[in-house]
Amino acid sequence: MKMTRDIMGMPVAVDIADTAASAAPFERVFDYLRYVDAVFSTYKKESEISLINAGVLNINDASSDMQEVFALAEEMKKRTEGYFDITRPDGSYDPSGLVKGWAIRNAKRILKELRYENFYIDIAGDIASSGSNNGKEWSVGIRSPFSSNDIVKVVYPRGRGIATSGTYIRGLHIYDPHAKKVVESPYVSLTVVGEDICEVDCFATAAFAMQEKALPWLDSLESFEAYGIAHNGVATMTRGFESYTNI
Amino acid sequence: MKKIVTSSVFIIAFSAYALFQYFGSSHAAPADISTVANDPNNTVSNTPPMTSAPTESLNPGTKKGSSTTPAPSAKQQGQYADGTYTGSAADAYYGTVQVRASISAGRITDISFLQYPNDRSESLYISQQAMPILKSEAIQAQSANVDTVSGASDTSAAFRESLASALASAKA
Chain W
1 MKMTRDIMGM PVAVDIADTA ASAAPFERVF DYLRYVDAVF STYKKESEIS LINAGVLNIN
61 DASSDMQEVF ALAEEMKKRT EGYFDITRPD GSYDPSGLVK GWAIRNAKRI LKELRYENFY
121 IDIAGDIASS GSNNGKEWSV GIRSPFSSND IVKVVYPRGR GIATSGTYIR GLHIYDPHAK
181 KVVESPYVSL TVVGEDICEV DCFATAAFAM QEKALPWLDS LESFEAYGIA HNGVATMTRG
241 FESYTNI
Chain S
1 MKKIVTSSVF IIAFSAYALF QYFGSSHAAP ADISTVANDP NNTVSNTPPM TSAPTESLNP
61 GTKKGSSTTP APSAKQQGQY ADGTYTGSAA DAYYGTVQVR ASISAGRITD ISFLQYPNDR
121 SESLYISQQA MPILKSEAIQ AQSANVDTVS GASDTSAAFR ESLASALASA KA
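Those sequence lines, one after another, are chains W and S.
In this text, residue positions in the first sequence follow our numbering: the first is 1, and each later residue adds one.
In this text, residue positions in the second sequence follow our numbering: the first is 1, and each later residue adds one.
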């Protein structure tokens, strides 16, 4: 059974293949995501993150979830060589690039704790999977960055997470924190597969700013695989990626 | 890719030569040298152009990556003019490699790296390994039924937004 909602301004889809699934587990996930939005939305003036950015609340006095996200942001910054950072130029924080993957990770834990084994959770194309779909592997299509109706690859994540960073905007300009200048990524779509959707999502985002180094960097990481599509329609993949394209 | 290979070949050649000279001088094994000289796999044509004047730059980028291992040649000592040679800065993909070699009495006495791509740990990590050759393909639309889709179009707005915030910090 599959249910969809629009939460955090994004399409959320949950598909549970276990026969025992009722509406309850879906609502648990949706409620949790609404809670996350209420705490972490930078668009909501009363959200905890807004209070922190307004200087009203100190991070040390914030909720344990907020502190966990900040600690995670620090960890991701280190593991992406500084390419992933939630700090804005004005010194305020926008953890939304991290919170989506973190929320999907936690939603997966919620369903696991409820003893569901076969499902996926998809928020705007970032997906956590578990088990299989009535004996078949869950399948995820990589959308063509040039034609939204087309799929250019089928991936079977086998319980792992998969996320794609990308844009239709040709020549997207991104800031390279190491070069300290605005650069143009050669990629228009970067798909990463790995155990934890939160890491996968962060790494896909960070790799974009690495430009040509994105795929070699992802290839150098153990247990992460990636498929990057460049402006010219040529895709480059990490050495282990093809293991996810076969049933 | 090719550049790092050629750079590596160059560096390995230098190091091998330095080691050879070191052991050659301390253990003096002329039999080994003649063996090397007669080995057709050890061509001398790929050794760095060290016979040039001290002011001339060495350019690792002009060397062919497909060359056989440029093992120390068996040429007589003294083929290199004394002096200090600075190689040109070679783009090794992860950064720039530039070395300086000191020649004394016709032999390499020192090789130092003026530039090496180790300013960031991932660069160092990669530079310590052989660069993988990653497979490429032209993308093709497929007609497949899939359970769900991961892609750019749904996320482009969120992506740009989160990316802008995620990466803007460096301005601080």
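None of these hints come from the bench; they were simulated from the model.
We put the beta carbon where it would ideally sit given N, CA and C, even for glycine.
Hints may contain errors.
What the hints assert, rightly or not - Distance ranges between label pairs, derived from CB positions: (1) S:E137 <-> W:N133: 20 to 30 Å; (2) W:I59 <-> S:I133: 15 to 25 Å; (3) S:I133 <-> W:M3: 43 to 53 Å.
> Cβ-Cβ distance between W:I59 and S:I133: within 15 to 25 Å?
Replying inline: 45 Å, violated
>> The hint says 43 to 53 Å between S:I133 and W:M3; measuring C-beta to C-beta, is that right?
In response: 44 Å Cβ-Cβ, so the 43 to 53 Å window holds.
> Taking the CB of S:E137 and the CB of W:N133, does the distance hold inside 20 to 30 Å?
Replying inline: 27 Å, holds
Going down the numbered hints, you'll see the structure goes against just number 2.
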